[in-house]
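Engineer: Residues per chain, in single letters:
2 protein chains.
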Amino acid sequence: MTTQQATEKLAPDLAERMNAWWRAANFLSVGQIYLLDNPLLREKLTLAHVKPRLLGHWGTTPGLNFIYVHLNRLIRQTDASVLFIAGPGHGAPGVVASTYLEGTYSELYPDVSQDEEGLAKLFRQFSFPGGIPSHAAPETPGSIHEGGELGYSLSHAYGAVLDNPELIVACVVGDGEAETGPLATSWHGNKFLNPANDGAVLPILHLNGYKIANPTVLARIPHEELKALFEGYGYAPIFVEGEEPEPMHQAMAAALDEAYAAIRANQKAAREGMEERPRWPMIILRSPKGWTGPKTVDGKKAEGFWRSHQVPFSDMSKPEHLTLLEDWLKSYRPEELFDEAGRLRADLLALSPEGDRRMSANPHANGGVLRRPLRLPDFADYAVAVPQPGGVELESTFVMGTFLRDVMKENDASRNFRVFGPDETASNRLQALFEVTDRAWDAERFSYDDHLARDGRVMEMLSEHMCQGWLEGYLLTGRHGLFSCYEAFIHIVDSMFNQHAKWLKSSREVEWRRPISSLNYLLTSHVWRQDHNGFSHQDPGFIDHVVNKKADIVRVYLPPDANTLLCVTDHCLRSWNRVNVIVAGKQPAPQWLDIDAAIRHCAQGIGIWEWASTDGDGEPDVVLACAGDVPTLETLAAADLLRDFFPELKVRVINVVDLMTLQPHSEHPHGLSDTDFDALFTRDKPVIFAYHGYPWLIHRLAYRRTNHDNMHVRGYVEEGSTTTPFDMVVRNRLDRFHLVIDVLDRVPALASKVHARQALRDKLNEHSRYIRAHGVDLPEVREWKWSGSK
Amino acid sequence: MTTQQATEKLAPDLAERMNAWWRAANFLSVGQIYLLDNPLLREKLTLAHVKPRLLGHWGTTPGLNFIYVHLNRLIRQTDASVLFIAGPGHGAPGVVASTYLEGTYSELYPDVSQDEEGLAKLFRQFSFPGGIPSHAAPETPGSIHEGGELGYSLSHAYGAVLDNPELIVACVVGDGEAETGPLATSWHGNKFLNPANDGAVLPILHLNGYKIANPTVLARIPHEELKALFEGYGYAPIFVEGEEPEPMHQAMAAALDEAYAAIRANQKAAREGMEERPRWPMIILRSPKGWTGPKTVDGKKAEGFWRSHQVPFSDMSKPEHLTLLEDWLKSYRPEELFDEAGRLRADLLALSPEGDRRMSANPHANGGVLRRPLRLPDFADYAVAVPQPGGVELESTFVMGTFLRDVMKENDASRNFRVFGPDETASNRLQALFEVTDRAWDAERFSYDDHLARDGRVMEMLSEHMCQGWLEGYLLTGRHGLFSCYEAFIHIVDSMFNQHAKWLKSSREVEWRRPISSLNYLLTSHVWRQDHNGFSHQDPGFIDHVVNKKADIVRVYLPPDANTLLCVTDHCLRSWNRVNVIVAGKQPAPQWLDIDAAIRHCAQGIGIWEWASTDGDGEPDVVLACAGDVPTLETLAAADLLRDFFPELKVRVINVVDLMTLQPHSEHPHGLSDTDFDALFTRDKPVIFAYHGYPWLIHRLAYRRTNHDNMHVRGYVEEGSTTTPFDMVVRNRLDRFHLVIDVLDRVPALASKVHARQALRDKLNEHSRYIRAHGVDLPEVREWKWSGSK
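Read top to bottom, the protein sequences are chains V and U. Under the UniProt record's numbering, residues 1 to 790 are what the first sequence spells out, in order. Under the UniProt record's numbering, residues 1 to 790 are what the second sequence spells out, in order.
It is possible that part of the hints are untrue.
In this list, chains with the same sequence are indistinguishable; a pair is considered to hold if it fits within one copy or across any two.
Unchecked claim - Straight-line C-alpha distance at most 27 Å; calculated DSSO-like pairs for lysine-lysine:
| id | residue 1 | residue 2 |
| --- | --- | --- |
| 1 | 227 | 191 |
| 2 | 650 | 330 |
| 3 | 301 | 191 |
| 4 | 191 | 650 |
| 5 | 44 | 330 |
| 6 | 685 | 268 |
| 7 | 44 | 763 |
| 8 | 330 | 300 |
What the hints contain is simulated information worked out from the structure, not anything from laboratory work. Keep in mind the model is a prediction, meaning the values are calculated, not measured.
Assemble the whole structure, with the sequences as input and the hints as a guide.
Structural biologist: Set out below in structure tokens:
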């Protein structure tokens, strides 16, 4: 497509009106960045009309406005349901201007009305205290994507269209964002899309050539390389390049018509049975940065250069800058665009689609409106029989998988549940899912492939970024999901978690946003069982990262066995507007609670395990607390040892499922009251706390508690290697022997038990010698059973 | 290149010997995974010879061995200096086998000798307690890259060749790894390489088709798409595809010769003045997963399928598996490969390069050997004159930039210092660097470009992953650098930091590894000054993430002004084997310490600011502590207010530069002794601590200190928006007024000061009204000056 060929696409009148709409959007964008008052320039512009602090980004804005008006034309012509994602950072002046022009903004924020007064408010609120941010955000109508941290627009887009066969997501990818890793791999999303049952993504790569102070890579490679790159990614790129508005309007209209036709043709073919992966269209729009802005500022190149990135000129003490601003604003001829009252001219208003067809009012962008709760089978039906604690060994996540399988089956008709993970669903023992669905795959398939299918509902790509981005896009458009990941590598998406948690917090402050399903993580293959992998795979710090976010948003669960895992999973799948982190092992491990006990325990989130305690109804001599499956095992083994060594010692065993119970109630809604906490942990007895992760997190949560000074926490202290499971806990002093030594060190009555201490030290030495000789753990450790189950 | 065309590349004898070497490497790889003893199969294989726990990854290994022997042939033929990076996870059986065959392994680990006994040790130690991990690691000779978390091989490779004009890094990229975001963008590293002064990267994309349980994307797209993708990335791909060893040897040899010739031709042209970016060669090697392994296991496809990913069969209780293992091992005909003593046949040994030319002995892979300290100008020469505290305002990072400029200049001849950052060097006020160098750029350049040059030493790409990967590769090969980043977005590389910190910890335990330069972060554009950006750009949690790693490795500095920043920067650039995090603002801010005071303060890392305190030599009534530039400003303003309100009150002001001083000395080498801590913070007086980041971190560091229960910490609590600088601190209650209220709440003598409290509340209300009306902070806040500087 060249601009030449396309000159007849739009009738002159329509082209003219679209250009006027674009001028209006650009005018409103500049106004938001610069003006405090005098929104229609009906008075001579003075410094008093200009904001005292000029903040915002002009560079990407005119391009976004250009794309917006063209998408509106396409929607009006085809009645397509289109969602708009503005990938470029700081595109808010444009997105807000366009959503205002089509009326949605004023419907949601009546104060920002369709008149001169509303215009003044629109301008004033932008990047102003108490106002709105300079990038698309939860406050922005039609947005499911914050243009703050870059890299996730396209994975959000691909997540949004899953199971939305009629939806098209027009995803503008900035050429800055395109340099990020997450974005660079997300082009491959087209190999995981089912054209028969999913919608389509139309990527619009916007080459405006510059980042903050640099050119962009993709704008500075030859045309043939650029074309090859995107053909290699599996797309059919359509180029729209230039800077003269008239031919650019014609070219863009032609490009969109061509792309739309290709999308519908691909979908039709697939829906009629065609099996091959289609070549999806994309648009490469090359237009000047800061298009229609000042050509030069202070004699230096501005339009089409990085100097247009933010505010092209901001030192308003120079009188010539005030003139430049007024000339720039007037170049859009606002008097032709807005009527006397300050309302957009009716024939321009008519360019917008109507009602829900406006991209800013598309219900998919406020996913909570469309969200229906999952149909959940009774999780108790999947319970493991546990006749006595520790009497059964099995893989907890396998049991969870059987529940997830039936969640998948129960919701098959509504197609609103998917499971995500980087090639690890089976490795994480969730393979029961493959009894009812497959892995989504639309690249080449062979007869011997294992559970690969176009309409698979398990999304696996070796990119945690992609899994997270897909899931966020899926949730934000009103569906449900779960992301299972190796614990250490979930840090790859630390910053994506941050942004999603911030989105959720801000959303709660936006009245018209409806709650969306929680983002659920299952972290498995955790720090304590890295038999194949070693030190590089050992990091339990995601929990520490998560708890820095607002208490309203985050939950952390450490179910010690399969039945508690079932209970927690059910709870998380029912919740909304949260991030739930579940940590659970995938290796065979002893089971402690039957389903009734599990339900009771999870309802409290924390509790005394009386069957493992020897303190009766009185005060214990020592509290053994634990959180996490491996620490629970070691704690119970320590309790067993203590019973053998010191039958008189009164030991209380506490297990924590819901980590947030440890925080003060004033800090977290799940936090125990101080009275309840003291009743559990005592006010003055030693507490030996075996924790799954970095030990100081327990101190950070509990430092205000009465008995905090007596809490001694064991956890992962960055000691690890490729070794046996028991050696891992020994290296970090979380093992049963060290825990008992800790008790000896802290219970005054035991201070003199020199023999016991020596016996424990001997045992640790025996362990070291044994694993070096045999490569496996001591038989007595491997075969240990809780005394109650013997 | 097709296998057909290349049949004559290798003389038959050479091809035969290379294949024998490959068989030997494969044999040793299988041996490492399976065998405990009987390494040369000189006895009938029994279960007693097999490891009790079978751990390891076979799938990628034969491909790595194949590439290794071919690179050796190329090195012998050309005498090139080649470094080997094994991107695929868990490639250790192969890399270790190859480095053993060329003798390096036994030189570094004499116990693992070149004889039958050494072979038994080699096998036994693999994935065995006290042994070595299953992926390339610091223990692995010749490695600068841990094949644990995937995605960083190619950015490491590009970092390693910078300023090493003769070096070639042969970088094997697994097709699993190729799906990650960081890897997908790192192909663009070729646009930042200077062919005249940097070395070359030869990427070898190894398509073995499968991940853990899935095919890979790049192995399942048509040949034409694959070719287009890499041509689009700017490479000239050479394909080597097949599974029959003989033609594959011929094809691989031809491909390597072709690639090598292209590299040298590109370099020659550039070094003779050619300006255009060359098209660099790469190799796409398509070979079966688990090549030469069992075709089927238990009737199921194994070779060429994902079932070969780890241990192809591990249930050794089945007698047929023992037979299968023996047959497999014997298929390599070890009796033809090793002599009576168990040493590789001499004519095969002769295939390895000699001395430092062995990839496993290349000194670049043990960068500390090559590392020379930086020439550093005296940082005091860049000091800001501070006649009285608070008397001068300027941008601290700008001052740091002038120092970095001269560090760059002083080391220009040795070409061993670079600065990295995602398009933010100037935005972060380090623009003085551009007085002496440019941004590296080998894509298209235009006359109006700003400081872009092929030989620029500032590396900017909008990918934090790429910046981090480049820098790691640069440091690991013995050079120096600094990464400047927006504070919030450094979380993008949380997991890369993890892996690097783990690498450093493990390296310290490897006797032959020499120390490398520290990885230095400058985090700026920090949480408190996001005027353009708002909530999504506010996250100070990287510090929390960092302090979870081993105390030996991590340091965190919060210099409050320019002179302390200079002092800290100098210190960090001199250090080794650490990760240093420096947090400092880029906005104009008051300066507190002259250079002599700054040097004294930084030497202690923490100290009383007597000029700001009113406690004389006695005990204070209250301690105001602060860490970070904005908290320091607010603390001093609070001290000023307290002096006005309560002239009798004895206030002590403590500033913390080195955060690790707060930890107990037993936990961190920089930690203060309890005596020193108590002398500063008192044993019982209220402490109001204004901290840059999440407040609970201070509690986590200081919870064991005597006076901890009286410490009240203010910091960032996830409250933010697009607003004024002062409103940001108000929203998080870190502002001067809230700090004074905190003092009122905690100093018993002030409990009755109702008027003061009301005056402060009034002030906060006035602030709110004022910013909403004017969009800027109260004049008295904007114009506040420390009383000593008035």
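Engineer: Take the hints in turn and mark each one as holding or not.
Structural biologist: Quick rundown of the hints versus the structure:
Taking the closest pair of Cα atoms, residue 227 and residue 191 come within 27 Å of each other both inside a single copy (19 Å) and across two copies (17 Å). Taking the shortest alpha-carbon separations for residue 650 and residue 330, neither the intra-copy value of 84 Å nor the inter-copy value of 61 Å comes in at or below 27 Å. Within a single copy, residue 301 and residue 191 get their C-alpha atoms only as close as 42 Å, which misses the 27 Å cut-off; across copies the closest is 25 Å, which meets it. Proximity of residue 191 and residue 650 under a CA criterion of 27 Å is satisfied in neither setting, with 60 Å inside one chain copy and 68 Å between copies.
When the C-alpha separation of residue 44 and residue 330 is checked against a cutoff of 27 Å, the pair qualifies only within one copy, where the shortest distance is 11 Å, while the shortest distance between copies is 92 Å. In the homo-oligomer, the alpha carbons of residue 685 and residue 268 never lie at most 27 Å apart, since the shortest distance is 71 Å inside one protomer and 75 Å across protomers. In this assembly of identical chains, residue 44 and residue 763 lie within 27 Å of each other by CA distance neither inside one copy nor across copies; the values are 88 Å within and 36 Å between. Taking the closest pair of Cα atoms, residue 330 and residue 300 come within 27 Å of each other only inside a single copy of the chain (21 Å); across copies the shortest separation is 74 Å, beyond that limit.
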